[in-house]
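*Asks:* This is what each chain is made of:
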Amino acid sequence: MKKIHIILIVLLAALLMGLTVLFGNLSTYQTINEAIKNKGKTVSIVAMLDTTKPVVYNPVKNPNYFSFSIRDTVGSTILVVYHNAMPTDFRKAEKLVLKGSVQDNHFECKEILMKCPSKYEDKEQLQFSKNTKN
Amino acid sequence: MNYQNEQVIFGILGKSFIYIATLTALMATYIFFKIFHQQKENQLLTNKLTYRIGNVLLWIHVATTWAAFGLLFYLLLGHYYQYQYVWQHSSNSLSKAYLLSAMWEGQEGSFLLWIICQSAIIGIFLQQKNSLLKPGILAIMAFAQVLLITNILGIFHLGHNPFELLRDTIKDPIFDNSNYVSMIADGRGLNRLLQNYWMVIHPPFLFMGFALCLVPFSFVVTSLWKKDFKQWVQPTLIWTVIGMCILGCGLIMGAAWAYEDLNFGGYWAWDPVENSSLVPWLVGVAGIHALLITKYTKQAQKTALFFLGITYILVLYSTYLTRSGILGNTSVHSFTDMNLGLHLLIIIALQLIPFLVLYFKNQKYVQVVHAEEKILSREFFMLIGALLIILCSIYIIGATSLPVFNKIFGTHFALGENAIHSYNRVLVWALAVIVFLIAIGQFLKYKNTDATYLFKKIFISTSFTMLLFLIVLMVVLTPFLKYGYIYWAAICVAILFSLYALVNNIFYIFNVLKRNMKKAGSALSHAGFGLMMVGALISSSQKKAISNTQISKFQFSEFTPEMMAENITFIRNQPVGMDKYIVTYLQDSVDNKTDKNYYRLDFKDTATQSVFSLYPNAYINNMPGMEGLMTSPATKHFWNQDIFIYVSSIPKPMDTKDYHTHIFKKGDTVFRQGDGFAIVKDFKTRSMKGNPEMQFSDKDTGYLVEVVGQDLKQQPFTKNLLALQVGGQWMRQVDTIPNLGMLYIENVNTKNAQISVWDLAENPDFITVRAYVFPYILLLWGGCILMTIGFLYSAYARFKYKL
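Sequence order for the protein chains is H and V. Residue 54 in this note's numbering sits at position 54 of the first sequence, and the numbers go up by one each step. Residue 444 in this note's numbering sits at position 310 of the second sequence, and the numbers go up by one each step.
There are no misleading hints in this set.
Here are the simulated DSS-like pairs of lysine-lysine, each with C-alpha atoms no more than 30 Å apart in a straight line:
(1) V:K541 x H:K95
(2) V:K590 x V:K652
(3) V:K581 x V:K432
(4) V:K616 x H:K39
(5) H:K3 x V:K436
(6) V:K677 x H:K110
None of these hints come from the bench; they were simulated from the model. Owing to the predicted nature of the structure, the values given are computational and were not obtained by experimental measurement.
All chains, please: the whole structure from these sequences, using the hints.
*Replies:* As structure tokens, then:
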């Protein structure tokens, strides 16, 4: 066996190890009910803001406490706590992708991704400024 | 309907350019493939008529693509908003430089930019003297152009043409008017985040880099086709070095843009957009190393062919990832889905499949040299390094492609809790080995190296590195234990070997090359890479959130979410300690030209008493689809660290509902906050009749209220409020008392005054920010520059001295 083959095997083993680490730490997209069942496990949830519940963020009191409720497509809801500032375009989002885990009775959120309506989709509703061009 | 002033001629012209460019490229592909197929080594078919026709066709192609680009820019310059692309991506207020960023903001414009870059390369190849491979290279490049151009064709459901009229792309009643052109006063404008000089210069570099990846691809495919593996090595080497230099520049500028203008909180976030451009660079660099082995030892040729061929495919794949919308839920970037997914996949397949077929069919014709392998040889180190880089690429592209994986297999995977750490924790190990190989490899000779020679050469630099590392360990580094001891150890090892790579490569120039700079390109770029990694490892592992008030410097216990809180709120004029600074939020001001709000924060160093101000900015974006608060950071650069701050929240805009009306008697307090207060001293009503300046009637009344007090700095002030009742109409004026609030008169009678008050103490003016320290980040940028110089020099020297 040539030396390069030994090295190749070592490198392959390293790659496998790396990928094992990667896959071992993957989270999965889950519904709220599944996330509650897997308490403490990091998951991603795709949901909408539950507009019937309050959205709490008071930066003067505590800039690192933001809470709201979400509702997923099945209709289940849960309180979300995000120890960070309220994302600035939060209320405009039509879909939220949250990463975190269920703790006690709330969802401890680590990362919020907001999906805003794509600029191509709402092209029909755009307004023109109907002034006269100079 | 006949529209006035529509100037459809530009659209017709632009579309014609694109159609002609497509047709000429298509015909040239056919012609050059045919010539390439017939051409034999001993009879070059230069003078055949078809060859000349092919040349002319390609020149027309080059000219029309550039003309299309020029015309689109002309339309942007002239604000021809009847054209959809112009209307969608620019506005009157945009300065000329940013019209360039508007040019490549959209899918169509950026494809056009890529196309003209490839056109320029075709132009260069057209002028080169004929060789066996040349027609093949031209054919492959022309074919690549055909495929790219389909993205902006706009016919047969292929892509979207940048020269569409607005009225053909959207429905609106405005188009019922024959003079609608004069009614569209302004365009939608350019995303503010792209109004940055990095966005003017970084896309051309990136797309030129992408385009240059086509050159090695063409050489690889033609060599495989002709089973001729002698001619490709030298030209491919030079072209790929130039390509990777420019692509690398593009990546670095992208990182600088992210650092300067985005609130990612850093220069690299392992975002899919960044990853997908990084991977072709990594594979291209691995390809360069494999090709060097081929050049000097005739080995590893198959590896070089594969790596350099696949680079361009990875460029296309990165385009697929970022433009098809498949990344969906995983990226912060808002990708515009123009249904290009399937289209781009077909483009990839049309180039990947022929490449793979040729590779596996003809790679057996590559001459394999059997030589005794020595571990202490440059080619051995380079090969291991190249393979490691490929492993990193596989890891990065694999993790980035999870959404693709999910789509194919119907799974629901996402990266772990901390996406950035998912990359770092694995790649830091590979990096440590790679920089070690770089440190030693430079001193090795091809074929074999004497161990004692090596030891003698690196003895001093090794000792020097050890010393340097000890200093860094003592002075610069504080343990970063958020991810455990093992990860911290890996970072330290990577820093040590990165320093080693830097020091050894500099020593190599002085000790081995004896300052003969002809061959110094590689040592310079590797030293640059070492320096860059030292900077990256130190600045990102020692990056510290100074706005985090709850965490102590040394933290050994469990991290709770509250401890990770990194936002801090500053109420106006109230100093707060942050790290070694006393920070005060003083004022906000609007830049009328850009509508950006600048917040002034004064940092006072508690040790030296020196003060500096930072102005992070924010603005409300009203552009449809992108509404929200957009903020950009401000950075204070010191030689050894950057203070980096951005706004994460601002108060709601002031609302008239927040005014409250109270009844005041003389001596009543209106405001009180800290040392500041305001008291109603006196009020009166007065008939306005007989006023010499204006004509008032009997019933017109003036109301006066005198408010006195002192401000927060105990400076006394007097404010005279005034309101008028003229012809039964109230004329009220809002007055501001700095740092206390705003107020206006409702009504005044003999006993009391009714005043509406907006009290700052109830509606504090505040901003919430996040602030970080990036230590020694200058090393990172210095390394980037050194590496780029090394790349450039290496390409130049190989060209000039035929190395």
